[in-house]
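Asker: This is what each chain is made of:
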Amino acid sequence: MADDEQLRAALVEDLDAGFEAVVRAHGDVVHAVARRTADRAADAEDLAAEAFLRAYRALRGYAPARIETLALRPWLLTILLNTARNDRRDAARRPRTDGVTPVPDRPTAAPGPAERAEGGEVADRLARLLAELPAAQRTAVVLRHVVDLPVAEVAAVLGIGEATARSHAKRGLDALRTRLTADTSEETA
Amino acid sequence: MTDHLLTALRDLAEPAPATLAERVVDTWVRVPGPLGEVVAVAGARGVRLLRLTAHVGDVEAFLEGYRTRHARPVRPAARPPRGLVPALRGTGAGPELDLGDLTPFAREVLAVTARIPAGQTRPYGWVAREAGRPRAVRAVGTVLARNPVPLLVPCHRVVRGDGDLGEYLSGRADKVALLEREGVELERLAALAAAGTRLVGSDTTGVVCFPTCHHARRITDAHRHGFASLVRARAAGYRPCRACRPL
Chain W
1 MADDEQLRAA LVEDLDAGFE AVVRAHGDVV HAVARRTADR AADAEDLAAE AFLRAYRALR
61 GYAPARIETL ALRPWLLTIL LNTARNDRRD AARRPRTDGV TPVPDRPTAA PGPAERAEGG
121 EVADRLARLL AELPAAQRTA VVLRHVVDLP VAEVAAVLGI GEATARSHAK RGLDALRTRL
181 TADTSEETA
Chain V
1 MTDHLLTALR DLAEPAPATL AERVVDTWVR VPGPLGEVVA VAGARGVRLL RLTAHVGDVE
61 AFLEGYRTRH ARPVRPAARP PRGLVPALRG TGAGPELDLG DLTPFAREVL AVTARIPAGQ
121 TRPYGWVARE AGRPRAVRAV GTVLARNPVP LLVPCHRVVR GDGDLGEYLS GRADKVALLE
181 REGVELERLA ALAAAGTRLV GSDTTGVVCF PTCHHARRIT DAHRHGFASL VRARAAGYRP
241 CRACRPL
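Chains W and V, in that order, are what the protein sequence lines are. Counting along the first sequence from 1, when you hit position 141 you're at 141 in UniProt numbering, and nothing is skipped either side. Counting along the second sequence from 1, when you hit position 30 you're at 30 in UniProt numbering, and nothing is skipped either side.
No lab work stands behind these hints: they were computed from the structure. Since we're looking at a predicted model, the values are computed, not measured. Where a beta carbon is used, it is the ideal one built from N, C-alpha and C, also for glycine. Take the hints with a grain of salt, since some may be wrong.
[Stated by the list, open to error] So, partial list: chain W residues that the calculated Cβ filter (under 7 Å) puts toward chain V:
#, residue
1, Glu-13
2, Ala-49
3, Glu-50
[Stated by the list, open to error] In silico EDC-like pairs for lysine to aspartate or glutamate, Cα to Cα no more than 20 Å straight-line:
#, chain 1, residue 1, chain 2, residue 2
4, W, Lys-170, W, Glu-121
5, W, Lys-170, V, Asp-11
6, W, Lys-170, V, Asp-3
7, W, Lys-170, W, Glu-153
8, W, Lys-170, W, Asp-148
[To be verified] Label-pair restraints from in silico Cβ distances:
#, chain 1, residue 1, chain 2, residue 2, range
9, W, Asn-86, V, Ala-18, 24 to 32 Å
10, W, Asn-86, V, Ala-243, 46 to 54 Å
11, V, Ala-114, W, Arg-89, 50 to 58 Å
12, V, Ala-54, W, Arg-89, 42 to 50 Å
13, V, Pro-34, W, Arg-89, 23 to 31 Å
14, W, Ala-71, V, Ala-173, 51 to 59 Å
15, W, Glu-132, V, Gly-57, 23 to 31 Å
16, V, Pro-34, W, Ala-9, 39 to 47 Å
17, W, Arg-93, V, Gly-206, 54 to 62 Å
18, V, His-4, W, Arg-57, 40 to 48 Å
19, V, Ala-145, W, Ala-9, 51 to 59 Å
20, W, Ala-65, V, Glu-180, 52 to 60 Å
21, W, Ala-9, V, Ala-44, 25 to 33 Å
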């Protein structure tokens, strides 16, 4: 995989070819965060694609000197989170017209036998609990623990101090642990 | 427990679908077409834009214009979109098209136009009626004049109501060439138009058609009758053809 130094050089050399390399190099992390930010699984790829297109649009206006110093991953993730926020605001203003009822990523029915398979069940429950966290904690946990960014990068993406980023992630993690335990004891009771 | 939770969280990082890069980066190709080489730009959902290379001039400037207008990256394609080359040769169902940037009315106009069979023509007013807005004849003309995918959506088969061929994106001569290539008898149509004949009917079936409808072309001279309008044809006891639905 190309490192950011090579990617930046490629962008300056040929924006479109370089940008495709950026999508291939950072697509997984952007999509993974999109998946835990979008309300529906089907929206994650749309959201990731939209964020990349916004990034492309911004890059077209950047001077080479600016591109050469761009920290690509946190920059892309900041755009992704802004895109998701705008999408949510727009969705709240006007109802969907494509006939799809927005379903929050929180299954209401009990999972079927297939989904109860070992592992899958834990992942589903964890994803649900994660989606229920307050936004600040959820985003911090996703960036720090799902896609494994260093604290400094989490802070840069969220535009907050490192101490605050660390505390959001920790409180989110604690809440998940408490709820996981509570869920388990409910089920066994 | 902590380790389990952290491992489970990391397992929630689903890799991007393989299609993500295609969804973001469009591709372009040059391929041969009936009026000479064309440049086509396609996204993951289908062909978005097609232009004659000769009409475009500088291809790099054309692509730069596309990037600016659509705010999307474009790179050279490894191969043409599936179905594009056969469609330009006049065979096959054609490639997928992505007309998502257009208005619903424009999409409907293009969908209606795409159903006009090769070798036949229809008036702008017919397209307007079929698209559900019979009075929007001028708007149909505007949509077709901006057709992002000419040749694939055959806007050259849409002509003026008075029988005149009307305009075409790359000029009237190209429209003539395309219609002749499909076997449209332009001289015969011009003669009919000059005589004020817009529709032709058969006195054996009592059905009236556009002159280029394949039913109309089967009528023998002895049984062919021309009409200036559908109203006249109905008054003479004819019913409109169910295939070409004249108006």
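Asker: If any of the earlier hints don't hold here, list their numbers in rising order.
Answerer: Hints 1, 3, 4, 11, 13, 15, 19 contradicted; others consistent.
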